[in-house]
Amino acid sequence: MRKMQIIFSHGKESGPWGTKIKRLADTAKRLGCDVESIDYSDTMDPDTRAARLQQVLQDKDLASTVLVGSSMGGYVTLQACKQMPVQAAFILAPAIYMPGYEHQAPTQKIANLTLVHGWHDDIIPVEHSIRFAREQDCTLHLVNDDHRLIDSLDAIDAWFEVELQRLITAP
Numbered sequence: 001m002r003k004m005q006i007i008f009s010h011g012k013e014s015g016p017w018g019t020k021i022k023r024l025a026d027t028a029k030r031l032g033c034d035v036e037s038i039d040y041s042d043t044m045d046p047d048t049r050a051a052r053l054q055q056v057l058q059d060k061d062l063a064s065t066v067l068v069g070s071s072m073g074g075y076v077t078l079q080a081c082k083q084m085p086v087q088a089a090f091i092l093a094p095a096i097y098m099p100g101y102e103h104q105a106p107t108q109k110i111a112n113l114t115l116v117h118g119w120h121d122d123i124i125p126v127e128h129s130i131r132f133a134r135e136q137d138c139t140l141h142l143v144n145d146d147h148r149l150i151d152s153l154d155a156i157d158a159w160f161e162v163e164l165q166r167l168i169t170a171p
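If you count by this note's numbering, then the sequence shown holds residues 1 to 171, one letter each, in order.
Calculated from the structure, these hints are not laboratory results.
Simulated restraints, written as ranges between beta carbons of each label pair:
#: 1; residue 1: Arg-2; residue 2: Asp-122; range: 36 to 44 Å
#: 2; residue 1: Ala-155; residue 2: Gln-58; range: 28 to 36 Å
#: 3; residue 1: Thr-19; residue 2: Asp-122; range: 12 to 20 Å
#: 4; residue 1: Lys-60; residue 2: Trp-17; range: 16 to 24 Å
For each residue, glycine too, the CB sits at the ideal point set by N, CA and C.
Taking the hints into account, I'd like the entire structure generated from these sequences.
Shown next as structure tokens:
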């Protein structure tokens with residue numbers, strides 16, 4: 001069994017230990033994973049945040065690292081995935097194909113990528129995740145929820161747990 005490192009990247013107006021991150025971190029810890037949540041609250045610049053994540057990843061075993069990001073944190077995570085071949089990425093309502101985000105979504109395939117997006121997201125159109133999932137040929141969960149995804153947290157946590165268990169037991 002592999003010891004996994006889970007690194008969380010929060011959204012634009014959230015913090016490193018918001019509701020979603022706390023819940024998913026508890027699940028990861030219960031499965032024996034190390035957990036880290038980066039604090040980006042000192043900057044609203046998505047590319048500064050992406051550079052910070054890439055710097056954190058310099059000292060990690062990428063083959064056992066899972067990145068989790070929500071909204072702007074999803075963008076940050078995907079930018080890091082362009083440069084750093086991590087084990088997996090679990091992304092919630094990513095800020096991709098949006099004005100003000102200089103770099104677009106990765107075109108190269110990201111291993112073990114899972115996306116979750118709410119049908120009623122009024123901040124980031126659900127069509128952006130559908131387009132990206134089609135390009136990546138990855139798992140996409142669409143839920144009856146808004147941008148915050150709080151009403152779907154039980155389902156998101158269950159999907160996250162299944163994915164982590166699969167990665168932990170993979171040869």
